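Taken in sequence, the protein lines are chains V and P. By the numbering used here, the letter at position 676 of the first sequence is numbered 788, and the numbering carries on one by one without gaps. By the numbering used here, the letter at position 101 of the second sequence is numbered 83, and the numbering carries on one by one without gaps.
No wet-lab data here; the hints were simulated from the structure. Be aware that a few hints might be false.
Restricting the straight-line Cα-Cα distance to at most 30 Å, the calculated cross-link-like pairs of lysine-lysine (BS3-like) are [unchecked claim]:
no.: 1; chain 1: V; residue 1: K551; chain 2: V; residue 2: K515
no.: 2; chain 1: V; residue 1: K551; chain 2: V; residue 2: K430
no.: 3; chain 1: V; residue 1: K430; chain 2: P; residue 2: K60
no.: 4; chain 1: V; residue 1: K275; chain 2: V; residue 2: K430
no.: 5; chain 1: V; residue 1: K557; chain 2: P; residue 2: K0
no.: 6; chain 1: V; residue 1: K345; chain 2: V; residue 2: K430
no.: 7; chain 1: V; residue 1: K557; chain 2: P; residue 2: K(-4)
no.: 8; chain 1: V; residue 1: K430; chain 2: V; residue 2: K515
no.: 9; chain 1: P; residue 1: K60; chain 2: V; residue 2: K551
no.: 10; chain 1: V; residue 1: K551; chain 2: P; residue 2: K(-4)
no.: 11; chain 1: V; residue 1: K345; chain 2: V; residue 2: K551
no.: 12; chain 1: V; residue 1: K275; chain 2: V; residue 2: K251
As the structure is a computational prediction, the values presented were derived from the model and not from experiment.
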Amino acid sequence: MRELGRILSRRRYLAALALILLLNGALFVREQQRRDYGLELELPAPAVFVFDGSAKTDAETPDARGAYRQYRALIGALRGDPPEEALDRLSARREALAEKIRAGGASEDEKLRYVAVNNVISRLSYLTGYGEWLEGIEKNKEDLLTFSIFNDPDSFSGRNIVKTAGEFRRLRGVELRLGADGAAEAVLSFPLSDYFLLLALLLTALSFLEERRAGLWSVVHASPGGRLGLGLKRAVILLAASALASAAIYGTDMALALYIYGGVDLTRAAQSVELLGRLPVLCTVGGFFGRFFLLRIFSAYFVALTLWLLLTAVNNVKYTVIVSAAALAAEYSLYALLPVQSAFNVLKYFNIFTYISLSDLYTSYLNIDLFGFPLGIRAISQGALPPLTLAAAAGCLAVQSLKRPEAGRDLLGRAAYGINSLTDRALRRLGPFGMELYKAAWLQKGAVVAAALVWAAAGLDFAAPAPVYTPAASAAREYTRELSGPLTDGTFARMDALEAELNGVLAARDAARAEYEAGTIGYPELDAYERRASAAQVSLEGLATVRDRAVELRALGEREGFAPWLIDETPLESVYGPRARANGDRAACLSVLALALMLSGVMAYERQSGMTPLLRSTPRGRRALARRKLLLAGAAAALVWAAVYGRELGTLVSVYAPDFWAAPVRGVSGLAEFPLPCSVGAALALLYAARLLALCCAGTAALALSALWPRQELSCVGAPAALLLPSVLYTYVGVGLAKPLAFTLALELTPLVLPRSGGLGAAALAYAAILSAAALSAAALLFSPRRAGMGK
Amino acid sequence: MTAQTFLYYMAGLKGIPKRRAREEIDRLLEVTNLSGVRHRRLGGFSGGMRQRVLLAQALLGDPRVVILDEPTAGLDPKERIRIRNFIADLSRDRIVLLATHIVSDIESVSDRILMLKRGRAVGLDTPENLIADVSQRVPRSVVPGRFSLEDVYLYHLGE
């Protein structure tokens, strides 16, 4: 079919589909790591303090992948065993492992086994409790119907109770079996695939607007085959695209899930998978996925038809995307914001997004009130799908056949003209720099990138765990926090007082022992003294550690001539220490990516529109314009710096008292080698200023790179790739050759503040590289010998 | 951006003060018949409308020398006459270098014509003298009737 050939010959379309598949796969794998492969990884370790602004217990985290392997092996070993017996056996094994872990004598393998056992117990508890849960629904029905507000047979409440009990009654006697359901749960718990599918369908529907964009709509519409015939072909293409995109995207998810988690026993009852516990349909796991996948294809087809209808309903191609986006936004608002039970809940479930996020229909059970009758959301969606699809298809064919290119009033155009007249009043007041800002933010969509940056930065985590592994170390950290401040004789006096208090507890324990020997107190009283003395002993060890540190700091202060402070370095270690390296890498990559995306279109936009010779022919269109663009790069860098590193700094500011910033930098072990004798506040200010400078340099380089490409689309891919790829290759793939160009190294604070970590050389090299790149870029922009007209 | 915003942008690049820019832009939009679409985005302009916007921006700042390359290309006859008249008015107190292949544009506005062939000047004179010169060189039997600038064009620049 020529229409199919036309669509498939568009390289951008194919490249976008390939990118969607790649992103879907990469994010799917990453999501499994993020959710710890569906396992609960908590170990019964002693409490440690994790800095997140408040103390919270957190044990060291075992390797999730290794734990899953053990989990899977254990499930295989338990196959055929009655669940109740297996549960008893495993509970005893779990307790034994927990004891060993608490005592500190467990190996890594035993910790993983504990996690495996704990999670299998959780599954077995679900399986053995399922029958009871079903009985509970029936009992609940009997109990609720005795209340007057529920037992009205004509009310929604009464009918809902009866309906729910009736539907789950079908599952009585269903045999649930234990299995490794990781793959099944992973596929059902990854909603991003739904949105990638939506994107693929949107791209396919957008390809039908090609003739409008090229100004050929009239020609196509005037041809005999350019109306209904073309419409029918496109409807078939959309069906094929829905099937293929669903197969590709969800097939990728399933293949990756099977690779990561291993196979799934498809012959078991669907309810054996905990996520499907609320599905009141008797079917196997295999049967469920078959139905799910079929429904996925047909719902995707309905979504695709709806998108096509939205996009072609508006004549003016400039407004089609805006109108469609507004319609989808309205639908999403109804879907997300309407309460589950409300007068308008039919708008929540007769909604395109119900057909996009299909998993919710199967993993939750819900009846909505439709004129007093309870109607299941799954039944609504499945039942409404065929007529809605037919209606959408009919609408699309009607638009394709009957809508004339030049007919009708351009109401949207008039509305846009009115809005433009208002914005023009504001824009004419802008000076030259203001116009550059407007072009970058609005015309080149820099504002969208900035909004995405703020959203992404809000999800960044800057506080890594700073665990301690012994009770004495934990006590030392508490005492340091309590005694923080300038180290004076008063500090030592307070330590003496605390020590005396703790020694008093030990003395009381000794006295209690004597009384117990004498028979004047019983064992319970002695036990209380022993417990308190044991805790006091640990505290004394912690206090001794703090005292040693204080003495060391005092000696250092006398040697180097500064007034020492005792500081709780946990927050500093959490934000800047070695464990924070991954957070720092992520923040640096996000910063460089956002900056490159904001600026990559600046020069390319002018080249693409043929404006470069025109601008360079004006008095302020050469060096003055280049200077303004460099200033724009600086403003963008400042925005990125504030959004990302402002949050990092805010994480610390929220913890430390205001006077902490005056503490001498050399008294902080992590910053002891800082080259300048200044306060902690001044040192961090200098380091953050250096970061800002590095970002400004990256921005300048992004500007210069954007001048290399003739089109914005190419520049928006090429410039970020050039700036970020070496960093990604070095940081995440381990390609050593990429190190000199890894600009993100220049943004990381760790090697600069912890030179002993061995990274100072790399950071300095990266800094020098980025400064050089910026200098060359600025020179090229300001003093380019290119004449107007070249580079078209 | 819209036509008006574009002109304000170019006025800024040319260093024109805002108040004067406002007056000039209003006048130029009127002359180029774009007042009714000043708030429409340039992406929605036809080829001829874009031509007129470019002409307007070229005239911002009241330049003493104006170089126009095919300024009436893509315009309908009514617009072409309008622009031609505007160029003729402009040329009263400034130098206008008009590059074009549309002979009718030249003969209605030009005081002097320079003909270039492969980068070399093959004629520089008033329209009347150029016509007279060619009429003397070409026999009447070859070109019957009155000579015109088209004949001059064909004589000097034809293959």
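Point to revise | 30 Å limit on alpha-carbon distance, applied to hinted pair V:K551 and V:K430 | key: holds (18 Å)
Check your understanding: V:K275 and V:K430: Cα distance at most 30 Å?
Key -> violated (50 Å)
Exercise for review: Would you check the hint for V:K551 and P:K(-4), treating anything up to 30 Å between C-alpha atoms as holding?
Suggested key: Holds. V:K551 to P:K(-4) sits at ~18 Å (cutoff 30 Å).
Exercise for review: Verify the proposed pairing of V:K345 with V:K551, using a straight-line Cα cut of 30 Å.
Suggested key: violated (40 Å)
Point to revise | 30 Å Cα cutoff - pair V:K275, V:K251 | key: holds (14 Å)
Review point. Hey, V:K430 versus V:K515, does the alpha-carbon distance stay inside 30 Å?
Key: Distance ~17 Å between V:K430 and V:K515 Cα, so the pair holds.
Point to revise | V:K345 paired with V:K430 [C-alpha distance capped at 30 Å] | key: holds (25 Å)
Exercise for review: Starting from V:K557, check that the Cα of P:K(-4) is at most 30 Å away, please.
Suggested key: holds (26 Å)
Review point. Does P:K60 lie within 30 Å of V:K430 when you go C-alpha to C-alpha?
Key: Answer holds: V:K430 to P:K60 is near 29 Å, not above 30 Å.
Point to revise | Proposed proximity, V:K515 with V:K551 (alpha carbon, max 30 Å) | key: This hinted pair is violated, its Cα atoms lying about 35 Å apart.
**Study point:** V:K557 paired with P:K0 [C-alpha distance capped at 30 Å]
**Key:** holds (27 Å)
Practice item. Would you mind confirming whether the straight-line C-alpha gap from P:K60 to V:K551 stays at or under 30 Å? Key: Roughly 35 Å separates the two Cα atoms, so the pair is violated.
When each numbered hint is compared with the structure, violations occur for hints 1, 4, 9 and 11.
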